[in-house]
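S.K.: Work the whole structure out from these sequences, hints included.
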Amino acid sequence: MEITAITEWECCWDRDSIVMGDCPNIGEGDEDLLSSRSRRILEKCCECEKFKRDLARFRDSGHPLAPIFSILHADYRRQKTQIQSLANFLDTKTLEVRFLHELGSVLQSSVDLDEVLSVALTAITAGKGFGMNRAFLLLADKERHILKGHLAIGPRSAEEAGQTWQEIESGDQDLQGLSQLFLKDKLTAERNKFHDILERLIIPLDDEQHIIARALEERKPVLVTDAFHRQDLDIDFARLLGVDTFLVLPLIARNRRVGVIIADNFITHRTITEQDMRSIETFTFPVAFAIERASLYERVQEEVDKLKHANLRLQEQQEQLVRMEKMALVGRITSSIAHSIRNPLMVIGGFARSILKNTPDNDPKRTFIESIVTEARQLEEVLGEILTYSDALFPTCDFWDPNQLVESALRDVQERAVAQDYSCHFHAGEQLPSVYIDFKQTTYCIRNILLSTIDGLYNGIIDVSTRVEGDHVNVRIVDRNRTLSEDELEALLTPFTETCEMGSGLNMALSRSMLDKQNIPLVVVAPPEGGVTYTIKLPTRKEEQPYE
Amino acid sequence: MSKLLVVDDEANIRLLYSEELTDEGYTVETAANIAEAVEKLGQQSFDLAVLDIKLKNESGIELLQKIVKERHDMPVILCSAFSCYKDDFSAWLADSYVVKSGDLTELKEEIKRVLAKKAQRRASGL
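Order-wise, the sequence lines are chains A and B.
In terms of the numbering used here, the first sequence is residues 1 to 548.
In terms of the numbering used here, the second sequence is residues 1 to 126.
It should be emphasised that the hints constitute simulated quantities derived from the structure, not laboratory data.
Treat the hints loosely; a few may be bogus.
Claimed, not checked - Partial list, computed: chain B residues near chain A (C-beta under 7 Å):
no. : residue
1   : ASN12
2   : ARG14
3   : LEU16
4   : GLU19
5   : LYS54
6   : GLU58
7   : ALA81
8   : SER101
9   : GLY102
Here a beta-carbon is modelled for each residue, glycine too, at the ideal position from N, C-alpha and C.
M.R.: Next comes the structure, spelled out in structure tokens:
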């Protein structure tokens with residue numbers, strides 16, 4: 001066979017070095033290839049049309065090695081394409097691993113269920129994530145043995161999709177930023193938006209015929225196609241989702257069924273591939289663990305709260321025990337005082353009265369005996385007040401009718417009022433709520449105020465009324481017959497002081513103290529122009545009662 | 001004439017009650033403790049008992065319970081130095097309650113009232 005000698009080649013492969021412009025495939029950044037012939041041939045010439053034409057000419061030259069060169073060249077190009085493809089695959093996988101790592105870090109660091117769910121569903125639907133259009137999360141309710149719709153994310157219309165995706169595009173947020181934004185601004189809105197679907201997404205966990213329950217039971221993701229015509233899927237369920245193709249991704253953590261994610265391309269109808277399914281499947285493992293952990297944390301938190309509450313109650317009960325011990329102590333002391341003082345007083349007063357009965361009116365010692373009787377009676381009264389005061393330290397509250405309370409106090413003073421020609425007008429409020437008070441002590445206080453009002457005066461009128469004001473029922477006692485100066489008003493409410501006008505101050509001070517113990521305000525107003533108004537604000541709600 | 005039993009650990013108080021109530025026309029027997037009271041109750045019949053709640057190391061309430069159990073037809077008036085005993089449910093077994101005072105008017109009125117009530121009950125056959 002005749003071999004044609006070729007002396008000129010179209011490509012530059014036969015030159016040791018070239019200058020910029022000699023090779024159409026060498027441009028800026030490839031300068032080092034100009035002087036490196038071997039690299040130039042491998043990287044540029046093999047793909048160059050000029051080289052291919054040179055190779056064809058060589059093949060046509062009849063040289064016996066020419067066909068071998070063509071075979072080697074073709075195989076080289078095939079392998080190069082394969083390597084490129086593998087490199088692209090590796091790049092994709094590297095990106096995926098980085099993405100999963102980033103998500104994993106976020107998921108691992110969170111124990112907030114809403115945050116975990118926001119990250120998970122954002123990752124599935126974001127373009128920078130898995131790029132699905134919508135995602136629904138169904139969580140397993142183990143008590144009710146059902147899977148129930150919990151949260152969803154994604155657009156419900158093409159218009160909304162366009163707007164949302166444009167916002168995301170212009171925001172240039174990374175995945176973590178997007179999920180945080182979702183958690184902060186959109187979680188509740190998305191839950192409400194999909195409420196109608198979520199509340200109907202209920203699947204019995206043990207329904208083996210249902211493809212979703214089965215996927216969870218078998219712990220395998222499923223790409224559901226032709227959803228409207230499947231035996232293992234309720235047509236209503238498919239209609240609810242509104243798509244015929246979707247992914248079902250079981251969430252399993254520590255061998256436990258946590259829930260299911262359903263993802264679809266409701267808007268774009270982009271084909272969901274096996275590769276999509278495998279990628280998202282990898283992602284579901286950390287999601288399931290994170291949901292499980294966050295749920296457990298929530299439960300632990302609930303238990304911690306219960307413990308805190310129990311601890312608080314224990315402390316309260318301890319304090320109450322201490323108070324009861326104090327009460328017992330006060331009881332013992334007052335009982336002791338009562339017997340130590342009252343019995344001798346009683347004997348002194350009693351015998352003085354006996355002697356007085358048998359003492360003639362003109363007996364010069366009668367005045368002395370009368371003094372003993374009077375002083376003993378006064379001491380008995382003071383002792384009675386002191387004992388009542390100690391009794392008032394610990395009120396026992398319950399709900400009572402405020403009108404009944406006032407009527408009881410008015411009955412107690414009626415005899416005295418009649419004797420002094422006093423009229424008490426009671427304006428009872430209608431349909432009053434019950435008030436939370438110590439009935440005995442509060443009656444005592446109202447009675448004391450009424451007695452103080454009529455003390456030393458005759459032929460007057462007292463107006464008493466009850467009326468609701470906010471969370472209180474106000475008992476108002478208006479005395480128009482008396483005028484008090486500022487000093488007298490202050491003295492009136494100070495224990496163990498006396499005013500010229502109103503006698504011993506203990507009763508009124510005791511009343512205020514008793515009311516204070518029950519957190520009941522007593523307001524006394526005595527304007528210079530005359531009259532005194534007492535307002536007792538009785539609570540209609542049960543609140544903490546301070547004892548100290 | 002009604003016969004009263006006065007139980008108080010204080011000798012002077014027993015004397016005072018005895019003097020004053022005798023003046024009122026009652027026949028008065030006294031006892032200083034539960035044992036003495038039980039002994040007298042076993043030996044004699046009384047129309048009414050006046051009991052002090054606090055009897056040294058004993059409780060008048062205990063005696064009250066005995067009387068209510070064994071002599072349920074005999075009324076009892078409790079006397080005490082401290083009104084908080086009113087809050088003791090056991091004290092509610094008594095027919096009346098009086099806070100001790102040198103002025104025996106309240107006690108005397110209560111005795112009259114309780115005896116009248118007893119008489120009324122008897123008259124109506126209860």
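S.K.: Please go over all the hints and tell whether each is borne out by the structure.
M.R.: Tested hints:
Nearest Cβ of chain A to the Cβ of ASN12/B: about 4 Å, under the 7 Å cut. The hint holds. For ARG14/B, the shortest C-beta to C-beta distance to chain A is roughly 10 Å, which exceeds 7 Å, and the interface hint is violated. At about 4 Å, the closest approach between the beta carbon of LEU16/B and any beta carbon in chain A falls short of 7 Å, and the interface hint on this residue holds. This hint holds: GLU19/B has a C-beta 6 Å from the nearest C-beta of chain A, less than the 7 Å allowed.
Interface hint status for LYS54/B: upheld, as the beta-carbon distance to the closest one in chain A is roughly 6 Å, under 7 Å. With 7 Å as the threshold, the beta carbon of GLU58/B stays out of range of chain A, its nearest partner Cβ sitting at about 13 Å, so the hint is violated. For ALA81/B, the interface hint holds, since its Cβ comes within 7 Å of a Cβ in chain A; the closest pair sits about 4 Å apart. About 6 Å separates the beta-carbon of SER101/B from the nearest beta-carbon of chain A, less than 7 Å, and the hint is met.
Proximity of GLY102/B to chain A holds as hinted, the smallest CB-CB distance being about 2 Å (cut-off 7 Å).
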